[in-house]
Amino acid sequence: MDLNLTPDEQKFRDELRSWLAANVPEPWPGHRRGEADAGYWDHLRDWQQKLFGGGWAGVSWPVEYGGRGASPIQQSIFLAEVARARAPEHFGVIGEGLVGPTIMAVGSEQQKQKFLPRILSGKDIWCQGYSEPNSGSDLASLSTRAIRDGEHFVVNGQKIWTSFAQIADWCLLLVRTDTSVAKHKGITCLLVDMKSPGVSTKPLRQMSGDSGFNEVFFTDVRVPIENQLGELNNGWRVGLVVLMNERANLGASVYVSFEETMRQLIEHCRTRKRNGRLLAEDPLVRQNIAQAHVELELFRLNTDRALSRSNAGETPGPEGSILKLYWSEMNQRLSQTAMEILGDTAQLSTFDNGNWAYRYLRSRGNTIEGGTSEIQRNILAERVLGMPKSY
Amino acid sequence: MYFDLSKPQKLLQQSVRDFCKREIPISRVRALMETDSAMDDSLWMEMAEQGWIGLHLDEQYGGLGLGPVELSVVAEELGRACVPGPWLSTNWAATLLASIGGPVASELLPGVFDGSMRITIAALEEQGSWSFDPAVMETRLSENGKKTVTEAVTVNVLNGRKYLVQHAQQADHLLCVAGVDDELCLLTIPVASDGLRITSTPGIDATRKVYQCDFSNVPIRRDQILARGDEARQALQQSQNVAMVAVCSEMLGILQWLLKTTVEYAKSRKQFDRVIGSFQVVQHMCADLLLLTESARSAVWNAAWALQENLDANRAVAVAKVYVSDAVRKAGNLAVQSHGGIGFTWEHDLHLYYKRAKADEYLFGDATFHRERLAEMILG
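Chains A and B supply the protein sequences, listed in that same order. Residue 373 in my numbering sits at position 373 of the first sequence, with consecutive numbering throughout. Residue 1 in my numbering sits at position 1 of the second sequence, with consecutive numbering throughout.
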C-alpha cells in the first residue's frame with residue numbers, strides 16, 4: 001500500500017502545474033453554466049485549443065491517436081489540477097471522454113481518421129443523444145427511429161437532457177433500427193452532423209433556473225451510412241461502454257468543486273455570527289461540518305481506490321456505480337448541510353451570488369442524471385452481488 | 001499510488017482467515033461467550049504462536065516488527081470470525097507499553113507476546129470520556145492525601161474507579177490512566193494488589209468481558225509510574241490511534257460478514273414463490289451494505305497507511321472511526337431487517353456480530369465524539 005504519488009506521477013503533476021500557471025485564462029465573469037452567450041462559448045473553445053497546443057488535450061488517449069497515453073491516475077491528476085487552477089469548463093468533455101474512446105474501440109479506420117483529430121483540437125464539439133422523454137431509466141426502450149434509405153439512414157424522433165446540444169457540431173446518437181427484436185437488440189449508434197437539415201434544439205430549463213441541457217428534435221434527418229458506429233443493431237453495447245466511462249470519469253473533477261464548497265462554508269463558519277455567537281462555536285454546526293468533512297474524505301478515498309484498481313489494469317466495471325451513488329447522495333447532504341448552517345440567508349440570490357441556493361437545487365439532479373440512484377443500486381445488486389434481475 | 005494490500009499482506013490475510021475457519025468456528029465462539037472469561041488458554045497460546053499479539057511492535061520486545069497495515073489485516077479477519085477474547089485490549093496495552101518504553105516494557109512485553117503475560121488497560125470512567133481530562137478524572141494518584149509524587153517511594157496511593165475494562169479478571173497487570181495534580185499519569189498495577197477490586201459487569205457483547213475496577217488506597221511505588229504529563233498524553237494518544245485502526249478493522253470484518261451473510265440469505269430465502277433477493281427493496285438494502293463496506297475499507301486502509309507513514313494520523317484515524325462506527329451500525333440494522341424474523345433470534349449468528357459492532361461503535365469514542373475532535377482540527 002502506498003498512497004503517495006509515484007515519482008512519475010509527481011513529475012506529470014508538476015509539469016502540468018507549471019503549464020497551467022502560465023496558460024489558464026482569467027475566469028469568465030459571473031458565469032454559471034447554461035447562462036452562456038456566444039462570447040462564453042468562444043472562451044471555452046479557445047481553452048480547448050490552448051490545451052491542444054500545449055499537448056494537454058486527450059491526456060488519456062493512446063499516443064497513436066495523438067494523446068499522451070496517461071494512466072488513469074495521471075488522468076485524474078489532470079482533471080483535479082485543471083479544476084484547482086480554475087481553468088475554464090472542459091468544452092470537449094463528451095468528445096474527449098466518451099465519443100473518442102468509443103470510436104477508438106469500435107470505429108472504422110476512416111471514422112478514426114476523420115473524427116479523432118478534430119475532437120482533440122477542439123474543432124468539433126460533441127453531444128450525446130441518449131435519453132428520450134419516454135426512455136429514461138429504461139433507456140433501451142428508446143424510440144427515435146432510423147430507417148435505411150439507399151446510402152442514408154433517415155432519423156425521426158426526440159432526445160432530451162442533451163448537454164452542449166445548442167453549440168455541438170456532432171452528436172453520438174442512439175437510434176432504433178429494428179423494432180422486431182428484443183429492445184436491446186435493435187439499437188444502432190450513429191454519428192450525426194448537428195448542422196444536418198431537420199435537427200433543431202431547444203434549451204431545457206431546470207428547477208435551478210438555468211438551462212444546462214437541451215431537447216433535440218430530429219425530423220427526416222439524413223445520416224450517411226458510413227456514419228454508423230460499430231455494427232448495425234449493436235448500439236446498446238457500444239453505448240454502454242461509454243456510460244461506464246462516464247461514471248468512472250466524473251470523480252476527480254467534481255471532488256475539487258466539493259472541496260472548494262467546503263472551504264467556503266468553513267470560511268463562513270469562522271466569520272459569521274448568529275445571536276452573537278460564531279457559527280464555528282455552535283456544537284451542532286461543528287458536528288455537521290465534521291460529518292461533511294468525513295464524507296468528502298470518503299469520496300476522495302473511494303475514488304482513489306477505484307483509480308488504483310484501473311491503474312492496475314482492471315477495467316472500470318459496475319463498481320463505478322458505487323462512486324456515482326456515493327458522490328451524488330453525498331452532494332445532496334453537503335448542500336443541505338450548507339443550507340442548514342447558513343440558515344435563512346442562504347436562499348437569497350443576493351448572498352454569495354445565490355450560489356448556495358443554486359447548488360442545493362442543482363444537486364437534486366445528481367441522483368437522477370447519468371443513471372438514477374435506484375438504477376445504480378440495481379446494477380450493484382445484479383452485477384456485483386449476483387442477485388437476480390428484478391425487472 | 002497503490003491503494004491495495006501488497007502480496008505478503010494478502011498472504012497474511014489468507015493465513016489468518018484459514019486459521020479462524022479451522023480453529024474458531026462460530027460454534028466455538030458461542031461456547032466461549034458462555035464462559036466467564038470468553039477466552040481459552042490454548043487458543044490464546046496458539047494466537048500468540050502465530051505472532052498476532054504485538055505483530056506491529058518492535059522486534060526488540062519480541063514483536064514481529066510489522067506495521068499498522070498488517071495489524072489491520074489481522075484485526076479484520078478476527079472481526080470477520082467474531083473471535084472472542086482479549087486480542088484487541090492486549091494489543092492496545094502492548095502498544096502503550098512499547099511507546100513508553102523503559103524497564104517495565106522490557107520486562108512485560110516478551111511475556112505478552114508469547115502469551116504468558118496478560119495485560120489490559122483501565123482507562124475509561126463512568127463520568128469521563130475518551131479524551132481523559134485529568135481535571136475531572138475520578139481515579140487519582142496521591143501521596144497519602146498530599147498532592148505530590150516526586151520523592152515518595154511507597155507512600156503513593158491510588159483511589160477511584162474505572163469501568164469497561166476489557167478482560168481485567170483474566171489479566172496479570174493493569175495499565176491504569178489516572179490523574180495526578182492537573183496531569184495525566186500512566187501506572188502499571190498487578191491485579192493482585194491490595195485495595196484493587198475487580199467486578200464483572202456484563203456488557204452487550206458477551207464475546208468480550210468487561211469489568212469495573214475499584215481502587216481503594218492501592219499502594220503505588222515510584223517505579224509503577226510509567227509516564228506523566230505530556231509524555232503520558234502522547235503515549236496514550238499514539239496507542240489509541242493504533243488501537244482505533246484495529247477496532248475499525250475489526251468493524252470492517254464485521255461489515256464483510258454482514259454483507260456476505262445477508263446477500264446469501266437474500267438469494268436463498270423464498271417468499272411469494274421467489275427469492276427475496278429478486279425484490280428491489282431487498283436488493284437496494286444489499287447495495288447499501290456493499291457501499292458501506294467498500295467505503296469503510298477505504299477509510300480503514302487510509303488510516304492504517306497514514307499511521308504507518310507517520311502522516312497526520314490523528315485526522316485519518318478520526319475520519320475512519322466516525323465513518324466506520326456509523327457504517328457498521330447502519331449495516332447491522334440493514335442486515336437484521338433483510339433477514340426478517342430469523343435475524344432477530346438468538347439462534348442466528350447475526351446478533352453476535354451486531355452486539356460486537358455496537359460495543360465497538362463506542363470503544364475509543366463514538367462518531368459524535370470524533371466528529372467534535374475533527375471539528376477542533378478544522379474549525380479550531
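There may be inaccurate statements among the hints.
[What the hints assert, rightly or not] Within a straight-line C-alpha distance of at most 25 angstroms, the following computed PhoX-like cross-link-like pairs (lysine-lysine) qualify:
hint, chain 1, residue 1, chain 2, residue 2
1, A, Lys389, A, Lys185
2, B, Lys267, A, Lys389
3, A, Lys389, B, Lys358
4, A, Lys389, B, Lys270
5, A, Lys123, A, Lys112
These are calculated hints, taken from the structure and not from any lab test.
Now the hints, each set against the structure:
no. : hint                : verdict
1   : A:Lys389 - A:Lys185 : holds (18 angstroms)
2   : B:Lys267 - A:Lys389 : holds (11 angstroms)
3   : A:Lys389 - B:Lys358 : violated (34 angstroms)
4   : A:Lys389 - B:Lys270 : holds (15 angstroms)
5   : A:Lys123 - A:Lys112 : holds (15 angstroms)
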